[in-house]
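Listed below are the residues making up each chain.
Number of protein chains: 2
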Amino acid sequence: MNRHFRQTGKNSIPDLFPMNRIKRVDRPTTAVDDEKVQQVDERDGGFHRSGLGQYGPRLRREYKRFVPKYPLSASLVAMAGNLGNFVDDSSNKLDSANTAWGVSSWTPMASVAPSKAPLPKDPKELARHLKEVAYFLRADMVGICRLPRYAVFSHSKVDGAPVELDHQNAIAILVDQDWPTAAAFNGSDWISNSMSFLAYSHSGFIACILADYIRRLGYPARAHHAMNYQVVLPPILLWAGLGEMSRMGDTVINPFLGPRFKAAVVTTDLPLAPDKPIDFGLQHFCEKCQKCARECPSRAISSGGKIEHNGYERWPLDVERCTTMRVGNQRGAGCGTCIKVCPWNKPYTRFHRLINWSMRKFPFLHRFGAWGDDLLGYGKPNDDLKWWFDLERVDGKIQLPRARGKSAE
Amino acid sequence: MNRHFRQTGKNSIPDLFPMNRIKRVDRPTTAVDDEKVQQVDERDGGFHRSGLGQYGPRLRREYKRFVPKYPLSASLVAMAGNLGNFVDDSSNKLDSANTAWGVSSWTPMASVAPSKAPLPKDPKELARHLKEVAYFLRADMVGICRLPRYAVFSHSKVDGAPVELDHQNAIAILVDQDWPTAAAFNGSDWISNSMSFLAYSHSGFIACILADYIRRLGYPARAHHAMNYQVVLPPILLWAGLGEMSRMGDTVINPFLGPRFKAAVVTTDLPLAPDKPIDFGLQHFCEKCQKCARECPSRAISSGGKIEHNGYERWPLDVERCTTMRVGNQRGAGCGTCIKVCPWNKPYTRFHRLINWSMRKFPFLHRFGAWGDDLLGYGKPNDDLKWWFDLERVDGKIQLPRARGKSAE
Numbered sequence: 095m096n097r098h099f100r101q102t103g104k105n106s107i108p109d110l111f112p113m114n115r116i117k118r119v120d121r122p123t124t125a126v127d128d129e130k131v132q133q134v135d136e137r138d139g140g141f142h143r144s145g146l147g148q149y150g151p152r153l154r155r156e157y158k159r160f161v162p163k164y165p166l167s168a169s170l171v172a173m174a175g176n177l178g179n180f181v182d183d184s185s186n187k188l189d190s191a192n193t194a195w196g197v198s199s200w201t202p203m204a205s206v207a208p209s210k211a212p213l214p215k216d217p218k219e220l221a222r223h224l225k226e227v228a229y230f231l232r233a234d235m236v237g238i239c240r241l242p243r244y245a246v247f248s249h250s251k252v253d254g255a256p257v258e259l260d261h262q263n264a265i266a267i268l269v270d271q272d273w274p275t276a277a278a279f280n281g282s283d284w285i286s287n288s289m290s291f292l293a294y295s296h297s298g299f300i301a302c303i304l305a306d307y308i309r310r311l312g313y314p315a316r317a318h319h320a321m322n323y324q325v326v327l328p329p330i331l332l333w334a335g336l337g338e339m340s341r342m343g344d345t346v347i348n349p350f351l352g353p354r355f356k357a358a359v360v361t362t363d364l365p366l367a368p369d370k371p372i373d374f375g376l377q378h379f380c381e382k383c384q385k386c387a388r389e390c391p392s393r394a395i396s397s398g399g400k401i402e403h404n405g406y407e408r409w410p411l412d413v414e415r416c417t418t419m420r421v422g423n424q425r426g427a428g429c430g431t432c433i434k435v436c437p438w439n440k441p442y443t444r445f446h447r448l449i450n451w452s453m454r455k456f457p458f459l460h461r462f463g464a465w466g467d468d469l470l471g472y473g474k475p476n477d478d479l480k481w482w483f484d485l486e487r488v489d490g491k492i493q494l495p496r497a498r499g500k501s502a503e
Numbered sequence: 095m096n097r098h099f100r101q102t103g104k105n106s107i108p109d110l111f112p113m114n115r116i117k118r119v120d121r122p123t124t125a126v127d128d129e130k131v132q133q134v135d136e137r138d139g140g141f142h143r144s145g146l147g148q149y150g151p152r153l154r155r156e157y158k159r160f161v162p163k164y165p166l167s168a169s170l171v172a173m174a175g176n177l178g179n180f181v182d183d184s185s186n187k188l189d190s191a192n193t194a195w196g197v198s199s200w201t202p203m204a205s206v207a208p209s210k211a212p213l214p215k216d217p218k219e220l221a222r223h224l225k226e227v228a229y230f231l232r233a234d235m236v237g238i239c240r241l242p243r244y245a246v247f248s249h250s251k252v253d254g255a256p257v258e259l260d261h262q263n264a265i266a267i268l269v270d271q272d273w274p275t276a277a278a279f280n281g282s283d284w285i286s287n288s289m290s291f292l293a294y295s296h297s298g299f300i301a302c303i304l305a306d307y308i309r310r311l312g313y314p315a316r317a318h319h320a321m322n323y324q325v326v327l328p329p330i331l332l333w334a335g336l337g338e339m340s341r342m343g344d345t346v347i348n349p350f351l352g353p354r355f356k357a358a359v360v361t362t363d364l365p366l367a368p369d370k371p372i373d374f375g376l377q378h379f380c381e382k383c384q385k386c387a388r389e390c391p392s393r394a395i396s397s398g399g400k401i402e403h404n405g406y407e408r409w410p411l412d413v414e415r416c417t418t419m420r421v422g423n424q425r426g427a428g429c430g431t432c433i434k435v436c437p438w439n440k441p442y443t444r445f446h447r448l449i450n451w452s453m454r455k456f457p458f459l460h461r462f463g464a465w466g467d468d469l470l471g472y473g474k475p476n477d478d479l480k481w482w483f484d485l486e487r488v489d490g491k492i493q494l495p496r497a498r499g500k501s502a503e
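Line by line, the protein sequences are chains S and R. Everything in the first sequence is counted per the numbering used here, starting at 95 for the first residue and increasing by one. Everything in the second sequence is counted per the numbering used here, starting at 95 for the first residue and increasing by one.
In isolation and in its complexed conformation, chain S is listed as follows (with noise of 0.2 Å):
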C-alpha cells in the first residue's frame, strides 16, 4: 500500500519507504483502552505550560525566544505561522482588505462546495486517491484512520474554547526531518529545532493543500499543523499504520524513517478506507535497547518497563524534564538527542534496508543491533557533514552563541 502504488509498472523508481513490506495487526502493538482514554487539554502540553510559567521565571522567558533566537528557526516558525491561517476556509474572512496595505490580495482557501464532486464510491479507492494525491504533494509518507473521539483537544489552548470536531476520518502525513543534517547534528546543537520546523512547516503546507482539495470536491476537511492542531498525533499515527509508541514517551516511531519526522493530519467526512496498525517489532526492540534512554541529556527517558496513563500502555516520559531542556538548552536550540541515537533513525541505504529486514525478521537479534549501532558509531555527530552556522540571537542581535565550550546549564 502507501507510497507502493505510484512506484509501480514500467517507469518504477525505487521506492525508498515500502510500508508494504510492513507487517498489518488488528490493533496497536501497544494496548490503548478506548473506553478510558480521555480528551486532552491543549493547554496541558509542555511547550504550553512552560510559556505560563509553570516550569519556573527561566523557562517562561527561554519559551519566547527558543525558536527565534537561531535565524533559521526563525525563518520556519514564522512560515509555519502562517500556515496557520490556511487550515481552513477562514482565510476567507479576509479577502479584500489587505490590498490596500501595499501587499498582494489573499487567495481564500475553498469553503466545502456546496455540492459534492462525482468521485468513485468505493472509499478504497478514494483512500488511494488522497494517499496520491500527499505523495504527489511531497509528503514522505502517508496513513488514514479513523479519528478516535480521544485524539481531539478537549480545549484549545489559544482561547481555552471547547474544540468541536467531529470528522469521521484523518490523514496522517509525514515529513522526513532530512537524514544528511540528523547524521551531522550532535542531538542539541544549534539546528535541532531547524529540523521540527522543517517538518512541520512542510507538513503543513501539504496538509493545507490538501484538505482545501477535499473541501473543493464537497467534502468538509481541515489540516491540523504545528502552528493550529486540533488533534493530538499519537493515536492517529498508531491507528493509521504509521509506527509503534517507543521508549521515548511520546513519540511514534516509523520503521524507515525512526522517529526523525514531524507530522500533520487532514481530519475530513470524505468516507475512505482505513489503513491497520503496524507491527515490525519495536516493542520488544525498546525493550532491548535502551539507548535513548542512556543518552537523553535530560534524563527525561526511562529505562525501567512500561505503565499505563490515561488509558494508553506506555512508556514513562518526564516532560517537565524533557520540556526544560528542549526550551532552557542554552547550548543550542531545542533538543533531539533521542532521535539523533535512534538506531531506527537511518538514511535510506541497501545496507541499512537489510538490517532493517532482519530486525524485523529476527527479533534475537535486537540486542546485538542495537550494540552494532554502537559499535559502527550511529548516534555521534559527523562533523564532515555539518552545513549550518552556529548563531544565536540575543537582545536583537546575531552573534555567536554565548555558551559556546561552556558546559550546557
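No lab work stands behind these hints: they were computed from the structure. These numbers were taken from a predicted model, which means no experiment stands behind them. Worth double-checking, as some hints may not be accurate.
Since the list can't tell identical chains apart, any single copy or any two copies may satisfy a pair.
Straight-line alpha carbon distances no greater than 30 Å define the calculated DSSO-like cross-link-like pairs of lysine-lysine that follow [to be verified]: (1) Lys-158 to Lys-251; (2) Lys-400 to Lys-455; (3) Lys-218 to Lys-455; (4) Lys-158 to Lys-210; (5) Lys-480 to Lys-491; (6) Lys-382 to Lys-400; (7) Lys-218 to Lys-480; (8) Lys-210 to Lys-491; (9) Lys-382 to Lys-474.
Once you have looked at the hints, place chain R on chain S.
Leaving out everything else, chain R in the frame of chain S:
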C-alpha cells in the same frame, strides 16, 4: 558542487542529481549579448496578454478558469497566491489587525536585521551554506549567479510600475514536477496545470523561507515565485548552471530533470560565489531530436534552426499558439506535452543514468538516442500509473469533463 556536498562522507545516500559530473563553461552554450538584451516588461507575457483579451474573447474568458477549473490546481494556486505575500517583509504591515477577524494573527516575515550576523567572509563558503539551506528546505536543485540587469522585469504587471531591484546575486531553486505523474499523463490532460503549480508552490515556499533567513542575517533578500516575480527566469537558470536553452523556446532544460521542473529565485546582496554555466551537449541534441516540435499539439515549437531575439540566440516559439493551447485547452487543464515527450524527462534509475552519461559523452549517439526513446514508448501516457480523477469545474459545480472523448478544440 551543488547537491553533492551534503551526500559525501560516511553516512552518504545516493546523489539523485550529480550536477558535479556536468561540464562547466564560462558562458551559456547559446549566445547572450549582454549589451543588447533589453529588460522585459512583465505585461508582455502570454498569460497576461490572454487575460487582457489580446488573444481574443474566448481566451480572455478561459484565462480566469484555466487553472481553478481543476480542483487540485485550484488548491495549489490558492496556496501559491498566498505565498505572494511572503516574498519580503511587506507582511509586516499585517501583523495585528487580522486577529479580530477570527483567524490566527500573521507572523510577520522578517525585515533586514539592523546588524549583520558574524558570518564567514568567503563568498564560496556562503554560497555553499545557502545551497545547503535550500537543500535542507527540500529543494531538488540549486544554483547561484550574478543577477543580470536584463533578468529584472522593466515593469510589473500588477500596477505597471517600474520594477526596482538592484540585488547583486540570484539563487535559483528547482522543484521537480513529479516523475510518476509525468510518466502517467498524456501531456495535456487534467493534471497538467497541477504539475506546474506543484512545483511553483513548493519552490515558492522554499524561496520565501530562504529569503527571510537571509534578511535575518542582516542582508537584503527577496523571494520571486510564480505568484510574485520581479525577474525572468531563463537567463538566471543559464548563468546559475542549471540548464541550457532548448528547442522549446523559453524553456531551459536540466540534464537530470529535463524540462520537468519549475523554479523560484531569491535575489540578495549577500556576497555569494556564483556557479558557472553548464554544457551537456543539449544544443546538438535538440538539433537532432525535434520530438517536442513533432508532438506539440498547437504547433508552437519550430523544427527549424535558431534565431536571434532580443540579444538571445534561441529557437523560436510561437507564444500565441502555445498560450492558446494552455489557456484554451478544453480536453484538459494546461499543456505540458513538450515536457512529457522530451527524452530528458526521465526517472532516477541506474539505466537512465547510464543513457544520460552516454548522451553527454558521445554526441554522435543523439539521433540514435531520440529514435530509441520513441521505440521504448517514452512520451506515451502510462495509464497504469494514473492516480488523479478527470474533473472540471463548470458554473461553480465540479462535474465530469464536458469534453470527454471529444477531440480538442
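Structure-based check of all given hints:
1. Taking CA atoms no more than 30 Å apart as the test, Lys-158 paired with Lys-251 passes inside one copy only; the shortest distance there is 16 Å, against 40 Å between copies.
2. In the homo-oligomer, the alpha carbons of Lys-400 and Lys-455 lie at most 30 Å apart inside one protomer (23 Å), although the nearest pairing across protomers, at 60 Å, exceeds that limit.
3. Proximity of Lys-218 to Lys-455 under the C-alpha cut-off of 30 Å is restricted to the intra-copy arrangement: shortest distance 29 Å within a copy versus 47 Å between copies.
4. In this homomeric assembly, Lys-158 and Lys-210 come within 30 Å of each other (Cα to Cα) only across copies, at 22 Å, whereas the closest approach inside a single copy is 44 Å.
5. In this assembly of identical chains, the alpha carbons of Lys-480 and Lys-491 lie at most 30 Å apart only when taken from the same copy (24 Å versus 52 Å across copies).
6. Taking CA atoms no more than 30 Å apart as the test, Lys-382 paired with Lys-400 passes inside one copy only; the shortest distance there is 13 Å, against 68 Å between copies.
7. Taking the closest pair of Cα atoms, Lys-218 and Lys-480 come within 30 Å of each other only across two copies (16 Å); inside a single copy the shortest separation is 44 Å, beyond that limit.
8. For the identical chains of this complex, Lys-210 and Lys-491 are inter-copy neighbours only, at 8 Å across copies versus 53 Å inside a copy, given an alpha-carbon limit of 30 Å.
9. Taking identical chains as interchangeable, the C-alpha atoms of Lys-382 and Lys-474 lie at most 30 Å apart only when both belong to the same chain, with a minimum of 20 Å there against 52 Å between chains.
Of the hints listed earlier, there is not a single one the structure fails to meet.
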